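> Sequence:
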Amino acid sequence: MDTVQSYRKKYLTSNPKLLYKSSQPIYTSEARSTLKPIFDKYCKAIDEQQWNKDSILRAKLKELYPSFQAASFYDADAVLIQTGKKCVYGREAIKQELEKIENLMGKTTTKVSGEDYQMTTEFIILNVNFDTSTDKMGVVKGKTTQIWRKRNDTYLIYHEEFSFT
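In my numbering, the protein residues as written are 2 to 166.
Hints in this document: simulated from the structure, not taken from any laboratory. Incorrect hints may have been included.
Unchecked claim - Lysine-lysine pairs mimicking DSS-like chemistry, simulated, CA-CA at most 27 Å apart:
{"id": "1", "residue 1": "Lys142", "residue 2": "Lys45"}
{"id": "2", "residue 1": "Lys86", "residue 2": "Lys137"}
{"id": "3", "residue 1": "Lys151", "residue 2": "Lys87"}
{"id": "4", "residue 1": "Lys86", "residue 2": "Lys112"}
{"id": "5", "residue 1": "Lys87", "residue 2": "Lys45"}
{"id": "6", "residue 1": "Lys42", "residue 2": "Lys151"}
{"id": "7", "residue 1": "Lys96", "residue 2": "Lys151"}
{"id": "8", "residue 1": "Lys142", "residue 2": "Lys96"}
{"id": "9", "residue 1": "Lys86", "residue 2": "Lys45"}
{"id": "10", "residue 1": "Lys42", "residue 2": "Lys101"}
{"id": "11", "residue 1": "Lys151", "residue 2": "Lys37"}
{"id": "12", "residue 1": "Lys137", "residue 2": "Lys42"}
{"id": "13", "residue 1": "Lys45", "residue 2": "Lys96"}
{"id": "14", "residue 1": "Lys45", "residue 2": "Lys137"}
{"id": "15", "residue 1": "Lys144", "residue 2": "Lys96"}
{"id": "16", "residue 1": "Lys87", "residue 2": "Lys112"}
{"id": "17", "residue 1": "Lys112", "residue 2": "Lys101"}
{"id": "18", "residue 1": "Lys137", "residue 2": "Lys108"}
{"id": "19", "residue 1": "Lys112", "residue 2": "Lys45"}
{"id": "20", "residue 1": "Lys96", "residue 2": "Lys37"}
{"id": "21", "residue 1": "Lys137", "residue 2": "Lys151"}
{"id": "22", "residue 1": "Lys112", "residue 2": "Lys151"}
{"id": "23", "residue 1": "Lys112", "residue 2": "Lys42"}
{"id": "24", "residue 1": "Lys137", "residue 2": "Lys101"}
{"id": "25", "residue 1": "Lys142", "residue 2": "Lys108"}
{"id": "26", "residue 1": "Lys37", "residue 2": "Lys108"}
{"id": "27", "residue 1": "Lys101", "residue 2": "Lys45"}
{"id": "28", "residue 1": "Lys137", "residue 2": "Lys87"}
{"id": "29", "residue 1": "Lys151", "residue 2": "Lys45"}
{"id": "30", "residue 1": "Lys96", "residue 2": "Lys86"}
{"id": "31", "residue 1": "Lys144", "residue 2": "Lys42"}
{"id": "32", "residue 1": "Lys108", "residue 2": "Lys45"}
{"id": "33", "residue 1": "Lys108", "residue 2": "Lys42"}
{"id": "34", "residue 1": "Lys151", "residue 2": "Lys108"}
{"id": "35", "residue 1": "Lys86", "residue 2": "Lys144"}
{"id": "36", "residue 1": "Lys87", "residue 2": "Lys142"}
All values derive from a computational prediction rather than experimental measurement.
Kindly produce the complete structure, drawing on both the sequences and the hints.
The following block contains the structure:
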């Protein structure tokens, strides 16, 4: 009977599209140059709380530039996990969760540090630390891991796991 390690090795070798295979090189610079512009737009949408606004101007912007809305950065089958607390599935549920976080924090400004990018043929994995200045809670620090999945000509968040420290 195969050991767990030999099974994993066989399984990973026969499935090259898996998130990580230890024998594959990690293309950090390519991953960063591909994902960084998308991630920056996502951070801006979060800071500007562009998931819950329905003014005429916001509605027009959403119509013209749907990628400016935070929820549109998530895959339809995405999951958002607050480590040890809660998990939500799907773009609409994630939008509602972001709205709840907005109500708790108020207006936010986020600084990201320690960005670490890893890439495979279908996914880009991003680990970051964040310091978020909030109106209602002061400064909130934490870390997040996002797995961005390639869909057509862009990447969408397929899995996000975050925690506050």
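> So, for every hint listed, does it hold in this structure?
Structure-based check of all given hints:
no., hint, in the structure
1, Lys142 - Lys45, "17 Å, holds"
2, Lys86 - Lys137, "21 Å, holds"
3, Lys151 - Lys87, "26 Å, holds"
4, Lys86 - Lys112, "24 Å, holds"
5, Lys87 - Lys45, "24 Å, holds"
6, Lys42 - Lys151, "17 Å, holds"
7, Lys96 - Lys151, "21 Å, holds"
8, Lys142 - Lys96, "21 Å, holds"
9, Lys86 - Lys45, "25 Å, holds"
10, Lys42 - Lys101, "21 Å, holds"
11, Lys151 - Lys37, "14 Å, holds"
12, Lys137 - Lys42, "24 Å, holds"
13, Lys45 - Lys96, "15 Å, holds"
14, Lys45 - Lys137, "19 Å, holds"
15, Lys144 - Lys96, "20 Å, holds"
16, Lys87 - Lys112, "24 Å, holds"
17, Lys112 - Lys101, "21 Å, holds"
18, Lys137 - Lys108, "8 Å, holds"
19, Lys112 - Lys45, "11 Å, holds"
20, Lys96 - Lys37, "22 Å, holds"
21, Lys137 - Lys151, "36 Å, violated"
22, Lys112 - Lys151, "25 Å, holds"
23, Lys112 - Lys42, "13 Å, holds"
24, Lys137 - Lys101, "13 Å, holds"
25, Lys142 - Lys108, "15 Å, holds"
26, Lys37 - Lys108, "23 Å, holds"
27, Lys101 - Lys45, "18 Å, holds"
28, Lys137 - Lys87, "21 Å, holds"
29, Lys151 - Lys45, "21 Å, holds"
30, Lys96 - Lys86, "17 Å, holds"
31, Lys144 - Lys42, "18 Å, holds"
32, Lys108 - Lys45, "12 Å, holds"
33, Lys108 - Lys42, "17 Å, holds"
34, Lys151 - Lys108, "31 Å, violated"
35, Lys86 - Lys144, "15 Å, holds"
36, Lys87 - Lys142, "18 Å, holds"
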